[in-house]
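Asker: The hints should help you fit chain L onto chain D, whose structure is shown.
These protein sequences, in sequence, are chains D and L.
Numbering follows the numbering used here, with no gaps: position 224 of the first sequence is 224.
Numbering follows the numbering used here, with no gaps: position 128 of the second sequence is 128.
Hints are supplied without guarantee of correctness; some may be wrong.
[As the list claims (entries may be wrong)] Negatives, chain D to chain L, calculated, CB over 12 Å: (1) 12; (2) 19; (3) 66; (4) 76; (5) 124; (6) 127; (7) 203; (8) 206; (9) 257; (10) 298; (11) 314; (12) 320.
[What the hints assert, rightly or not] From the derived model, a few chain L residues whose C-beta atoms are all more than 10 Å from chain D: (13) 87; (14) 106; (15) 239; (16) 260; (17) 304.
[As the list claims (entries may be wrong)] Covered stretches of chain L, going by a simulated chain D footprint (3 or more residues, C-beta under 8 Å): (18) 31-37; (19) 211-221; (20) 308-321.
If you're looking for bench data, these hints aren't it; they were derived computationally from the structure.
By construction, the Cβ of each residue, glycine as well, lies at the ideal position given by its N, Cα and C atoms.
Given next are the chains, with one letter for each unit.
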Amino acid sequence: MTAPVLAVEGVTVERQARSGSVRILRDLAFTVQPGETVALVGESGCGKSMTALAIMGLLPPRIRVAAGSIRLDGEDLARADARTLNRIRGDRISMIFQDPMTALNPVFTVGEQIAEVLRVHRGLSPANALARALDLLKAVDISDPAHRLRQYPHELSGGMRQRVMIAMAVACEPRLLIADEPTTALDVTVQAQVFELLRDLKRRLGMALILITHDMGAVAELADRAVVMYAGRAVEYAPVEELIRAPCHPYTQGLIGCIPDMESGDANAELTEIPGMVPDLAAIGPGCAFADRCGLADAACRAELPPVMERAPGHRVACWKA
Amino acid sequence: MRGGSVLGQLVSACGLLFAVVLFNFVVLHLAPGDVAETLTSATGGATKEILDQVRHLYGLDQPLHVQFLAYLSRLLHGDLGTSAYFNAPVAGLILDRLFPTALLVGTALVLAIVLGAMLGIVAARRPGGIVNSLVSVLSLVGYSAPVFWTGILVLLAFASWLPLFPAQGMVDPRLSGGPIARVIDVLHHLVLPAVTLASVYLAQYSRLARTSMLDALGADYIRTARAKGLGEHTVVYKHALRNAILPIVTVAGVQVSHLLAGAVLVETVFGWPGMGRLAYESILRRDAPLMLGILFCTALLVIVVNMATDLLYRAIDPRIRTQ
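With the rest of the complex left out, here is chain D (with noise of 0.2 Å):
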């Protein structure tokens, strides 16, 4: 196996309260290869957001990594200095978010935006940066670029802001990208125009994506291993197809079971929905975080935590039932 562009061990995020800390994010370990598209699923929450915001040195005041690593080709990032994560993010790590109308600079051009990023990182003139900005702007089939590049964020539809992210996101060729729910804001049709484009790029320009989503579909179509989370903790860790063929976690089941099937083409199979709701962190006891919505739980599930244990090679899950 080749070295991991990016490897988390045993981080746990802390939330500082007056009433003391609370932890955001559980002991989460997982890599990612060069070139491999990772998911992480969930519910609202859970914590997959924070997780992106770690790696990328984004946690908001208050929240900070309490242990653990943050490996990018080696280099930690959980214990780097504000220099540093600015000369690598951006440049070998960038990150897309969710809602594009917002994410966007109101009162800067779309080109000067994109040719900031070039500027910086890639020392760049002016007029040579703003040339590459219409290059990518090109690269992310953008319809009349040229004038793109001189317009207003607020001129452009939702789908064309989220294609300029991209393109200012991976205007310095990244090793890794971070796409959190980068098509929840936008409609299905510009959603599967979106993924598309990023499948396209990921295979042009070889970087490894992180892709956090709710949207089970998406994980089959685009992710080639996924990391299910729950209340903080990566509670199952497996090859997408073979978790969609064989979830071991009550909570996997849960989720793949809310997936309509459409290829049987029956439109009255029932939906399975998951019981209750995500429990807040502030209040988890000693055992599985899951078990007050697990059909399976029992006493000893309540009381202690599982391990995540190896069910196959490459497939962990953290489940005393499973």
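Answerer: Frame of chain D, contents of chain L only:
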């Protein structure tokens, strides 16, 4: 006004100006007393015959609508009339006072905006810091203290107790020297009134700058800027400040009119020979032509400043430009 074409704005500005003239004219003539009474009382009173004579001289015996049309017609020819008290053209009287007021108000505004913005930005970057507490206290005190009271305190402190600055006027009449010495003398006189006038607005601008900077720093595009690997300086002073400045420009445009009102008080306290004091004196003397002239010029100034603000806003906010 925002959003319309420049031509449309000009048309509505003319309409507004006409309304201002009409309103002022009517209100001034509704008030009891006229210039004939003040003029004659200065010479120890007069009989009804003399009063009528003076009123005839100034056209005050004509019906109000005739007086108004005559005034409007002169105004359209660029004639603001003659001051009854000074017996001199109103335009010249105002022009003499325009520069001191513009100097005072302009300095105060720039001082308030620049200093306020700086304080606000520092406060926003360290929400728990000393500057943040300072801004809160300053806003409360500066905003609630009446400007003439602040002026008197400033006078007591820096002209009487610690005589660093002159207490009254704009120039030292005893001064003999070249133009550079004169400029320095005016600036020396300017310090106390400008600081006093700025104090009220400083409080507002520092608060406004703090709020809009906090908003900007919390925005998604700031997270994007950081994700691009930009340095803290670029993130704050390019990406955040450029957005945070927008509300400040809007408020500054609106406040020029408030500032002119504040100037009346400050000019009175510091004996500053500006338009505000002229207005105050012309009210006391029932000098209707001068009063109308000052109100007209002030309204014109406010309208022009508002239009300039609009243009400036278009230049700095692309979202307005394309609408």
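Asker: Now tell me if each hint is right for this structure.
Answerer: Do the hints match the structure? See the list:
no.: 1; hint: 12; in the structure: holds (23 Å)
no.: 2; hint: 19; in the structure: holds (19 Å)
no.: 3; hint: 66; in the structure: holds (21 Å)
no.: 4; hint: 76; in the structure: holds (17 Å)
no.: 5; hint: 124; in the structure: holds (14 Å)
no.: 6; hint: 127; in the structure: holds (19 Å)
no.: 7; hint: 203; in the structure: holds (23 Å)
no.: 8; hint: 206; in the structure: holds (21 Å)
no.: 9; hint: 257; in the structure: holds (34 Å)
no.: 10; hint: 298; in the structure: holds (43 Å)
no.: 11; hint: 314; in the structure: holds (30 Å)
no.: 12; hint: 320; in the structure: holds (39 Å)
no.: 13; hint: 87; in the structure: holds (55 Å)
no.: 14; hint: 106; in the structure: holds (26 Å)
no.: 15; hint: 239; in the structure: violated (6 Å)
no.: 16; hint: 260; in the structure: holds (30 Å)
no.: 17; hint: 304; in the structure: holds (26 Å)
no.: 18; hint: 31-37; in the structure: violated (count 0)
no.: 19; hint: 211-221; in the structure: holds (count 3)
no.: 20; hint: 308-321; in the structure: holds (count 4)
Checked against the numbered hints given earlier, this structure breaks hints 15 and 18; the rest are met.
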